[in-house]
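Trainee: Residue numbers (numbering that gives the first Met the number 0), protein chains in the order written: chain A, 0 to 479; chain B, 0 to 345.
Hints were generated in silico from the structure; no laboratory data involved.
Because the structure is a prediction, the values reported are computed rather than measured.
Some hints could be false.
Simulated coverage check for chain B against chain A, where a stretch passes if three residues somewhere in it have a Cβ under 8 Å from a Cβ of chain A [to be verified]: (1) 42-49; (2) 100-107; (3) 165-179; (4) 275-287.
Now the in silico label distances, taken between C-beta atoms and shown as ranges [unchecked claim]: (5) GLU259(A) - GLN269(B): 54 to 60 Å; (6) LEU38(B) - GLY337(A): 53 to 59 Å; (7) PHE194(A) - TYR246(B): 47 to 53 Å; (8) LYS124(B) - ILE325(A): 17 to 23 Å; (9) PRO107(B) - ASP95(A): 40 to 46 Å.
Note that the Cβ used here is the ideal one computed from N, Cα and C, for glycine as well.
One-letter residues, chain by chain:
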Amino acid sequence: MKTNFLKILYTTAVVSLMLTSCSVDELTISNPNEPDKDPTLNDPSGFVSILNGMYDAYQKIPAGEFLITELRSDNGVSANGDGDFGDLESFSITADLGEAANYWTNNYKVILSANIILDNQDRIQNDNRNQIIGEAYFMRALSHFNLARAFGDVPFVDREISPEDFEEYPRLPLTEVYQKIASDFNNAISNLEGFSSKVNRGTAGAAKALLAKVYLSAPTPDYARATTLLNELVDENNPYEYRLLDSFESVFAFDNELNEEIIFAVSYESLSTPTITSDARDDNNVQVQGDSQRFSIDMTAAGRAQGVNLATPELQALITAASEPIRFPVSFLESTVGSNRVENNKFQPDADQNSGRDWIVIRYSDVLLMHAEAIMGEFIETSDADAIASYNKVRERAGVDPIANGDILTKEALLNERRIELAFENHRLYDLIRFNQAVPILTQFSNDNGYSFSANDLLLPIPQRERDVTDNFYPQNPGY
Amino acid sequence: MKIKLKHLKVYTWLFITSIMILISCQDDDLPEVGDLPDLTPPSANFVAIQKEGTNPEEDFKIYFLTNQSVSSTDYQWEIPDGVILLDLDADDDITPTLASENINLEFPGEGTFEVTLTSSDKLGKTSTITKSIEVIEPEKPDVPDPILVNSDFDKLPKSSGSDCTCSAWINKSIGDQGESSSGNGGSDNVVKFDNNEPDHLYQEFAVVPNADYTVEIVTSFKSPTGGSFPSMLELRVLAGSGYTSGYTPTYYTDTVEFPQDDFGYSSISQVEDTANNLLVEIQENPNNDDYITYSYTFNSGDNDSVALFIRGIGGPATGGGGGDFGYNSGDEEIRADSITITAINL
Chain A
0 MKTNFLKILY TTAVVSLMLT SCSVDELTIS NPNEPDKDPT LNDPSGFVSI
50 LNGMYDAYQK IPAGEFLITE LRSDNGVSAN GDGDFGDLES FSITADLGEA
100 ANYWTNNYKV ILSANIILDN QDRIQNDNRN QIIGEAYFMR ALSHFNLARA
150 FGDVPFVDRE ISPEDFEEYP RLPLTEVYQK IASDFNNAIS NLEGFSSKVN
200 RGTAGAAKAL LAKVYLSAPT PDYARATTLL NELVDENNPY EYRLLDSFES
250 VFAFDNELNE EIIFAVSYES LSTPTITSDA RDDNNVQVQG DSQRFSIDMT
300 AAGRAQGVNL ATPELQALIT AASEPIRFPV SFLESTVGSN RVENNKFQPD
350 ADQNSGRDWI VIRYSDVLLM HAEAIMGEFI ETSDADAIAS YNKVRERAGV
400 DPIANGDILT KEALLNERRI ELAFENHRLY DLIRFNQAVP ILTQFSNDNG
450 YSFSANDLLL PIPQRERDVT DNFYPQNPGY
Chain B
0 MKIKLKHLKV YTWLFITSIM ILISCQDDDL PEVGDLPDLT PPSANFVAIQ
50 KEGTNPEEDF KIYFLTNQSV SSTDYQWEIP DGVILLDLDA DDDITPTLAS
100 ENINLEFPGE GTFEVTLTSS DKLGKTSTIT KSIEVIEPEK PDVPDPILVN
150 SDFDKLPKSS GSDCTCSAWI NKSIGDQGES SSGNGGSDNV VKFDNNEPDH
200 LYQEFAVVPN ADYTVEIVTS FKSPTGGSFP SMLELRVLAG SGYTSGYTPT
250 YYTDTVEFPQ DDFGYSSISQ VEDTANNLLV EIQENPNNDD YITYSYTFNS
300 GDNDSVALFI RGIGGPATGG GGGDFGYNSG DEEIRADSIT ITAINL
């Protein structure tokens, strides 16, 4: 017995040592829960699924984008100034702002899906291989463009990465980020030209329109390239059949979504069941095409903070029933006009909590006004007939006086026209920045309203949680 | 009670001793073992952004100074004499001071100005930065050159009638059209003002108000005949403010689009009204039939549109070879090869 006991003890000890020695390797084995992508990548329908997943990820972005753009401009306020909404509208945000973190994460999720496609493009067997590749470039460019405008220097992620790879992707100088965005949009154009699809997917025409905006927004704008791209699009016989609808109201009509004025939109469908919205923050449910959205309800009294993205008094003074007979009723909800909480009428929900109203990313009026902007270039006015013709098309459709023959178009008039035509469509803040008017105009706006704007507020903070998990690898923006 | 009193003495002694120990530590400026260094001292920084507004002549003096200091709670700005601290608050519930976090300045004009920012934290540590701000008035945008159609007088189609080097240059209310001719080393490349006829050129074009322009015209006179009516060429720049009331000019781009009548100027009396003339120049016969370049300048005044009017004069008012407009060219033919108008950008 004694001998046996010793033997058992000895054996146990040796086995334990062996087990212990093995456990070093166990630390490096792969995550057993990591999905195996191979079956998906070997199946043509797999790439379609990844592509749909990419658009699905993008459906979350409009949920918070209006909060970090319109509330940070002189267009939008919240009903009661609560919490983050109050911080955003009064330019008092801090590095832990949830909406900044959401915007960061949601855009990089889109980029992740795009990168899975682009990393594996040699394996795509589908007939429309180029279209799949083009759409991935398109969305990777768009999401990086969103990030660059919101945060300034950002990591440009050009492959599928793991958390431990972050040091390979520091915050890149903005000029380089813009070069890479332009390169991606150019790749999108060359791959997508010749394919047609609904405008809720990436198309060559949409890539050209957005690339023009990239050239105009870059730290050193490239007005010549922007003008070339826009010249093709503003032609009445443009190959993508974009046009200005005769009626301003019908651009936003719920039964007329994805119309000929829309160049790129994020689609939703109103759903009562299941009650998931694509912008729900914490759901881990598989997102599918045809999600509904809830930003529309958030813009009404039934939404968060009793309504966000309400019109500022300054915007109401600019768009009046007398001065803008056509755009006034489309921009402001009639039943709220005159109250102290004027709602926008462009994105009213069609169903209570789960609206199916699409989000318009870019439309033809924007292209026409960018055309005038690109021709005007670095100057504060232009007498160029093409620039004035494009500007006048937008004015005439809205039933307001065009610029008379021989008169000049000023930068101020163009900026104002964009504010009226594109109100509530998340353009104002970036228009002010692009026109070099953000600091003077928002300083005055902030002073008039007792807010605390400074030029530092033109960039969002790098989300604190991203800095925490990377040991402050990303330097913070000034002022946070 | 006695016991308690005894204890009280001990406690009092302990209490006083403790206070003394604590106080004795507080005066100590030198770091001791266990003291923590200020790992996040203030670091002062700021940016100055020039206003680019709708009034460039004034706006360039205004700068928005944005604080970018790190680990700082209090600020003190130093600005040179003559620089104004702007109060942009309309309802005056905030009054900016040189201790404000961000300030807005108006500089007296162009020049280099030193602005200093001292940032401090609540531990009394400070950091100072001085930046030179170079205030420069932005250059005015270049005034574009006006666009003239058929400024080389090529033989081109008209809206009606045969092709002519005078296409795009006809206003039948104030003269007869010029004629196609050849010269200066080409054919059908110049326009001719016939002798003893009321031939003219007229075209309207867009200008930038209050801008200076140069007019260059290349002309040739036939040798003087020695008669009593020597031809002269008159060139006028007519103000858009003198256009027939209610008239809005259209700037055509192709010679076939140009109407030949019903423009902004519809009578010679309107043309000759001094108030309507921005420039009047008269060329006399140089006694040399070479093509010579004449150069004039004019200022557009309050006008965004002007008309160029050129005619042969010198002949009897009536009885010439064409229509009756109250003027005629004299005894010699005059030819024009080209006309150029350029903006003067200093």
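Trainee: Which of the listed hints are broken here?
Mentor: As far as the earlier hints go, 3, 4, 5 and 8 are violated by this structure, in ascending order.
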